[in-house]
Amino acid sequence: MNLAMLYRGSLASCNYACDYCPFAKRVDPPEALRQDRQQLERFVDWIAHRATIAPEDRYSVLVTPWGEALVRWWYADALARLSHLPNVTKSAIQTNLSGKLDWLPSANVAKLGLWCTYHPNEVTRERFLQQCQRLLDAGVPFSVGVVGLKEHADEIAALRAALPKSVYLWINAYKRTPDYTDSELLERFTAIDPLFPINTVRHRSQGHACRTGDSVISVDGDGTMRRCHFVREPIGNLYDADFADALRPRLCENATCGCHIGYVHLERLGLNRVFGSGVLERIPRGNVDGSEQFPGGHFDANLLSCPELSRNG
Numbered sequence: 193m194n195l196a197m198l199y200r201g202s203l204a205s206c207n208y209a210c211d212y213c214p215f216a217k218r219v220d221p222p223e224a225l226r227q228d229r230q231q232l233e234r235f236v237d238w239i240a241h242r243a244t245i246a247p248e249d250r251y252s253v254l255v256t257p258w259g260e261a262l263v264r265w266w267y268a269d270a271l272a273r274l275s276h277l278p279n280v281t282k283s284a285i286q287t288n289l290s291g292k293l294d295w296l297p298s299a300n301v302a303k304l305g306l307w308c309t310y311h312p313n314e315v316t317r318e319r320f321l322q323q324c325q326r327l328l329d330a331g332v333p334f335s336v337g338v339v340g341l342k343e344h345a346d347e348i349a350a351l352r353a354a355l356p357k358s359v360y361l362w363i364n365a366y367k368r369t370p371d372y373t374d375s376e377l378l379e380r381f382t383a384i385d386p387l388f389p390i391n392t393v394r395h396r397s398q399g400h401a402c403r404t405g406d407s408v409i410s411v412d413g414d415g416t417m418r419r420c421h422f423v424r425e426p427i428g429n430l431y432d433a434d435f436a437d438a439l440r441p442r443l444c445e446n447a448t449c450g451c452h453i454g455y456v457h458l459e460r461l462g463l464n465r466v467f468g469s470g471v472l473e474r475i476p477r478g479n480v481d482g483s484e485q486f487p488g489g490h491f492d493a494n495l496l497s498c499p500e501l502s503r504n505g
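Position one of the sequence shown corresponds to residue 193 (the numbering used here), numbered consecutively onward.
Keep in mind that the hints are not guaranteed to be accurate.
[Stated by the list, open to error] Quick list of in silico lysine-lysine cross-link-like pairs, DSSO-like style, CA-CA up to 27 Å:
# : residue 1 : residue 2
1 : Lys303    : Lys357
2 : Lys342    : Lys367
3 : Lys357    : Lys342
4 : Lys292    : Lys303
5 : Lys292    : Lys357
Treat the hints as calculated values from the structure; they're not laboratory data.
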């Protein structure tokens, strides 16, 4: 078994107040935080136990919290512990990078992966770049991303200029307003993130093969397994002895898929060739044809199997 798990516990609080996020400045009561910690500890314990009863199996984990998790010590502890388990190939998390990073020396950084989001209204570029430098100094693989708002275009360009070329800067298209990304903004953001046009599209997915439900699953705090975060029907529970019986190839049930952590697993898009082992933390492994390293090298989106993808999004 080689299983990637998108873990999302009950944590729903965040220390940022982004107006495009429903969980901004939400506060979890103490009992909710206690439950979240217990859920996460159970999840890590389960993977550790699997190393003794099925040592040939391999797991990779991306923590996808509703809010910000790395300001809670138990998430740092969990990532560090996972990184040392022999059956774990990747220990990754989505974060705004506002938390302390003094836990990094306790982790096996070769197995870590951070998906870091920059929010210009919540933190200065200088502070965010300082945190990025700490990751670079520690040798932690990471990507950096920003929501593609028009008012942040200059700031996004400045961030790209300040980051090393070896760090991939992705841009998420703002999709709440129809036709928000006009041709001018598309061209500007594509010059920064060659994969940006792929994110502007809600990809046709119904009836198409997807790795979710087979080699990729979503796991809630109570162990409920789903194909992904966007298909709500449960397929089993991770803590059941027969959990693996639920894993099998499936066709997508949804009409379209517009979020990276969903469509990246659609077989027809070929994005596994772009991201390879960095798919969870959103780090491309190199150019599709292998000729140059990406970013910094050339990327030709026409090499992907995206017939609906065009320069107009």
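Q) Which hint numbers does the structure go against, in order from smallest to largest? A) Violated: none.
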